[in-house]
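Residue numbers (our numbering), protein chains in the order written: chain F, 1 to 269; chain R, 1001 to 1283.
A portion of the hints provided could be inaccurate.
Partial list, derived from the structure: chain R residues whose beta carbon lies under 10 Å from chain F [unchecked claim]:
(1) 1016
(2) 1056
(3) 1057
(4) 1083
(5) 1085
(6) 1094
(7) 1095
(8) 1097
The calculated DSS-like cross-link candidates involving lysine-lysine, where the alpha carbons are at most 30 Å apart (straight line), are [what the hints assert, rightly or not]:
(9) F:195 / R:1219
(10) R:1079 / F:195
(11) R:1079 / R:1161
(12) R:1149 / F:179
(13) F:198 / R:1128
(14) F:195 / R:1163
(15) R:1273 / R:1258
(16) F:179 / R:1079
(17) R:1219 / F:12
(18) F:196 / R:1258
(19) F:60 / R:1014
(20) R:1014 / R:1219
(21) F:198 / R:1074
(22) R:1149 / F:196
(23) F:179 / R:1058
(24) R:1219 / F:198
(25) R:1163 / F:12
(26) F:179 / R:1074
(27) R:1014 / R:1058
(28) R:1058 / R:1219
(29) R:1110 / F:195
Keep in mind that the hints were calculated from the coordinates and are not lab data. Here the structure is a predicted model, which is why all the values come from computation and not from measurement. Note that CB positions come from ideal geometry on N, CA and C, so glycine has one too.
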Amino acid sequence: MLRDITLGQYYKTESVIHSLDPRVKVIGVFVYIISLFMIKVSQGYIPATVFLILIIYMSKVPPGYMVRGLKPILILMIITGLFNLFLTPGEELVHFYSLRITKEGVRMMIEMILRLAYLILGTSVMTLTTTPNQLTDAIEKLFSPLKIFRFPVHEIAMMMSIALSFIPILVDETDRIMKAQMARGADFENRNLIKKMKAMIPVLVPLFVSAFRRANDLSLAMEARCYRGGDGRTRMKPLRYKKRDVMAYIVLILYIAVIILTGKLFGQV
Amino acid sequence: MSIIVDHLSYVYGKSTAYEVRAVDDVSFCINEGEYIGLLGQTGSGKSTLIQNLNGLLKPEEGSVYYDGADIFDKEYDRKKLRSNVGLVFQYPEHQLFEADVFSDVCFGPKNMGLTRTEVELRAYEALKMVGIRDEDFYISPFDLSGGEKRRVAIAGVLAMKPKVLILDEPSAGLDPGGREDILRLIDSIRQETGMSIILVSHSMDDVAEHAERLLVMYKSHLIFDDTPVNVFSQYETMNEIGLGVPQVMEVLTGLRNKGIPVRTDMITLNEAKNEILRVFGRC
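So here's chain R without its partners, still in its complex pose (with noise of 0.2 Å):
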């Protein structure tokens, strides 16, 4: 199960006065199994590419490659291929329209053509696997709080059981608390499933934490696809486009410049942590 996007280039409202280049010339693949986080500005063409990649918009030129057939030939099944490659929008709790938690959940897998059993069995995992309450299951989506609206509406892209998952800034309008849950709930989806992620965000720290691999836009061009260490490692680069590093990167290269010998290329706060304790030798 692998994407391959080959050469990719988007352009919204073309031949019109609003002719915008939103991604260009954009190449490169998923592997099974692979966290990875994709990293840019506002408008710097992330939520256009993810949509080009389950075959919601259509490119300019090139194409996306899924399990070795181009997605936008025009015998390919997208309806089957949304079902594998699931997209998780910005702000999904928009999408709920169900009277009840659970029918919402059902939408997806029922649209497969799926038997009933089948549809209910995967909106009960789907719901188990986000960690909604039975109790919750037949009330009304527009009673519950933010934080679950969102676990609900994501449990409705799981319930197709999707090989390669992507989420457009799951986080985004959460407290941190909320943040940090959803962020869990991706590990553990990914543990349990084995799916691919996909993490489309703005925080340097999330990514740091989680992404095994960064792809980074700026200006709807690729201009990273490496691992975070090596992608962090461009300090300059990265708060030359807006986006900086995580924040222990920033700690340890001021410490670095006050002249403590601390290493700078650690991204994740535990690996900091033991950096400055190994230099202070209290290890």
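Just chain F, with the same shape it has in the complex (with noise of 0.2 Å):
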């Protein structure tokens, strides 16, 4: 029922993309965002989705399981086209009334729309190939220059991390809470409302004691393992770059240099 969520869930295969060091994962989406925000010309979605493509393809996640991730955000890219085909000025194609939709209304619809999708998609192909745990340890490492400013980093990348890995945990719980109280007869079917929100109530209330439950618990076993925040600690599986790590920084910079030059190539025109 809920599990069509991926975001935050790994798939264990083996890849060239499972296999990079985390860090050029989280560069890599994050240069990838940037680059989506820099397209000014139509052209320039071209290398984006050849780019993403290629990427999803060596990443050996069956893109089936890639989409279902689009789902959660189906309305808001719906929401999102809509305002754009009929709020963007210009050229007149038809209109209904006082609804006008203009030649660049469906462009900016059809541009606003890919953009959200390979937004998800981009970031949806960090956490299929990277375990919450090489994640933290690839943010930790990048961001630790700023603990000279007394800036939590170990903090803050242990809470990402334990946020991360109760995602599908929680959703499990969550689906079998909705399933139990069907089963006590709960409709969540229903289509009016406000009956929908009320009907969440039965499923919010054990959630949110089974959320405090299972915090309390991993604080303990933490403690009881003697945790106590990031100084002095060392690691099992230190970070370290290797070959294609490079090679896939040098990827990841000519991708950007293409999104430049098509933007120039075609900006002028």
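Both chains are sitting in their own frames, so use the hints and assemble them into the complex.
Encoded structure:
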């Protein structure tokens, strides 16, 4: 029922993308997201699409699995699309009463939907190919220079990794609680919005109770193992760049160059 | 009132890398008033199977018939079915949510659309049946002890007056006293109401003591459907699939291997005691 949410769920398989240093992937996603917002001309979406398809293909994660991650933001995508379709001024194509569709509107709609979809897909590639632990390691390492400003890098990284690894657990928990309440006659398929919200109370209360219980258990378990923050902790698997990571950075730089180039090439037209 | 399970198969994560056939071609039927023990190791498909019985999961192949009607038929009222086939999940106390015990038990019957008087009457009866004291009716369910919380949660399902009650490991995580209490409670519920019981369990001793018929799941298949004595007489197979037999049977088998001529087809403590006394000639 709720198993469709792929964000934050690691997909176990062996691929080039999986074996990359997590820092490369974090920086890669960051750069990719920035590149999406740098695109000013429609042609710029071609390299962005090609790049994404290539990465997904190389990650060996089934594309269907990845696309399923878009479902939760489908409504957001539709609303954004419609707003752009009707509210962009420009050359008019058709109009019903006061609503008008413009040529620019159609273009904006397609671009906005693509941008949103690529944002989610790009991030999904990272979370599907990187375990939460690797991800935290990478973030901790990347932000470690901030330690001189007494910024609690390790603590924040730890909090993030806990939050990430709890997503699938809480999704499963929600699924279970919903089923338990359905067994008691609860109805979640009601179309009435207020009734729908009311029907969530029997799910949310137990879910919060269980989240607090889990948090409590986890903090106890951490204390029992003498966890006391990041100072002086060593790693079992320290992060080291390998040859393929350097190659990945080169590919990334090339990609950015292509994006800038297409912008320059078609920008003047 | 009977349930017929017909060649049922259930698949998790169809056409993904995680595809698992959790229940594979399982058929059996449940008659009125029966007390059935459902056995199997963790991951053998028990929990998936029982969620198919009240329509929470839809099977890949096969179907389930309640009172002769296919419950996966488009027109079938599955909400009503769920009040007839009551399912108590594992750790049911995790589903409590209301501000007080009484309102929580009212949730089920209220969803059935009964009148307020009827709802409250049923909640009262159910709470009485599971042995919750009157003065605890209006306290927060979260202030109760673990065993009491569980009994309140069971009352929440009982208040719908199901014809079949399915309990998924109702004694998991309780101390020995609490376990015994829950099992005795189930016996008394059955005597008072005559509902059929399906008890999912890990404990051979528990089901040997209480159930009339056993269903044994192994790796998604139903491998036994027989009386406890007959199932446990498959001593080798039961050990091989990691379930084992009741402890008293182990003792009797041990005695027999030492050359003492006891019968080994005794599965409850009382039977075993009498058998040993008989052989040693003290009765």
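Checked hints:
1. The interface hint given for residue 1016 of chain R is met, as the beta carbon of that residue sits about 6 Å from the closest beta carbon of chain F, less than 10 Å.
2. Using the Cβ-Cβ criterion of 10 Å, the hint placing residue 1056 of chain R at the interface with chain F is satisfied: the shortest such distance is roughly 5 Å.
3. A least Cβ separation of about 8 Å between residue 1057 of chain R and chain F falls short of the 10 Å threshold, and the interface hint therefore holds.
4. For residue 1083 of chain R, the suggested interface contact is upheld, since its CB lies about 6 Å from the closest CB of chain F, less than 10 Å.
5. At its closest, the beta carbon of residue 1085 of chain R sits 9 Å from a beta carbon of chain F; the interface hint therefore holds under the 10 Å criterion.
6. Evaluation of the residue 1094 of chain R hint against chain F yields a held restraint, the C-beta minimum of about 6 Å falling below 10 Å.
7. Evaluation of the residue 1095 of chain R hint against chain F yields a held restraint, the C-beta minimum of about 4 Å falling below 10 Å.
8. The interface hint given for residue 1097 of chain R holds, since its Cβ lies 4 Å from the closest Cβ of chain F, which is under the 10 Å cut-off.
9. Between residue 195 of chain F and residue 1219 of chain R the CA atoms are separated by roughly 41 Å; this puts the pair beyond 30 Å, and the hint is violated.
10. With a C-alpha separation of about 17 Å, the suggested pair residue 1079 of chain R and residue 195 of chain F falls inside the 30 Å cut-off, and the hint holds.
11. Under the criterion of a C-alpha separation no larger than 30 Å, the hint pairing residue 1079 of chain R with residue 1161 of chain R is consistent with the structure, at around 14 Å.
12. Between residue 1149 of chain R and residue 179 of chain F the CA atoms are separated by roughly 19 Å; this keeps the pair inside 30 Å, and the hint holds.
13. Restraint check for residue 198 of chain F and residue 1128 of chain R: satisfied, since their Cα atoms lie roughly 29 Å apart, inside the 30 Å limit.
14. For the suggested pair residue 195 of chain F and residue 1163 of chain R, the alpha carbons sit about 29 Å apart, so the restraint of at most 30 Å is met.
15. With a C-alpha separation of about 17 Å, the suggested pairing of residue 1273 of chain R with residue 1258 of chain R holds against the 30 Å cut-off.
16. Distance hint between residue 179 of chain F and residue 1079 of chain R is fulfilled; the C-alpha atoms sit about 12 Å from each other, no more than 30 Å.
17. A C-alpha spacing of about 23 Å is found between residue 1219 of chain R and residue 12 of chain F, which places the hinted pair at or below 30 Å, so the restraint holds.
18. Taken as a hint, the residue 196 of chain F and residue 1258 of chain R pair is broken in the structure, with Cα atoms around 66 Å apart against an allowance of 30 Å.
19. Restraint check: the Cα-Cα separation between residue 60 of chain F and residue 1014 of chain R comes to about 18 Å, which is no more than 30 Å; the hinted pair holds.
20. Under the criterion of a C-alpha separation no larger than 30 Å, the hint pairing residue 1014 of chain R with residue 1219 of chain R is consistent with the structure, at around 18 Å.
21. Our distance criterion of 30 Å between C-alpha atoms is met by residue 198 of chain F and residue 1074 of chain R, whose separation comes to about 26 Å.
22. In summary, the hint linking residue 1149 of chain R to residue 196 of chain F is supported, as the alpha carbons are separated by about 27 Å, within the 30 Å threshold.
23. A distance of roughly 13 Å separates the Cα atoms of residue 179 of chain F and residue 1058 of chain R; the hinted pair therefore holds under the 30 Å criterion.
24. Among the hinted pairs, residue 1219 of chain R with residue 198 of chain F is inconsistent with the structure: their alpha-carbon atoms are about 40 Å apart, more than 30 Å.
25. For a cut-off of 30 Å, the pair hint linking residue 1163 of chain R to residue 12 of chain F is broken: about 44 Å separates their Cα positions.
26. Between the alpha carbons of residue 179 of chain F and residue 1074 of chain R the distance comes to roughly 20 Å, so the proposed pair stays at or under 30 Å and holds.
27. A distance of roughly 13 Å separates the Cα atoms of residue 1014 of chain R and residue 1058 of chain R; the hinted pair therefore holds under the 30 Å criterion.
28. The suggested pairing of residue 1058 of chain R with residue 1219 of chain R holds, with an alpha-carbon distance near 20 Å, which does not exceed 30 Å.
29. Note on residue 1110 of chain R and residue 195 of chain F: the hinted pairing holds, with a Cα-Cα distance of about 14 Å set against a maximum of 30 Å.
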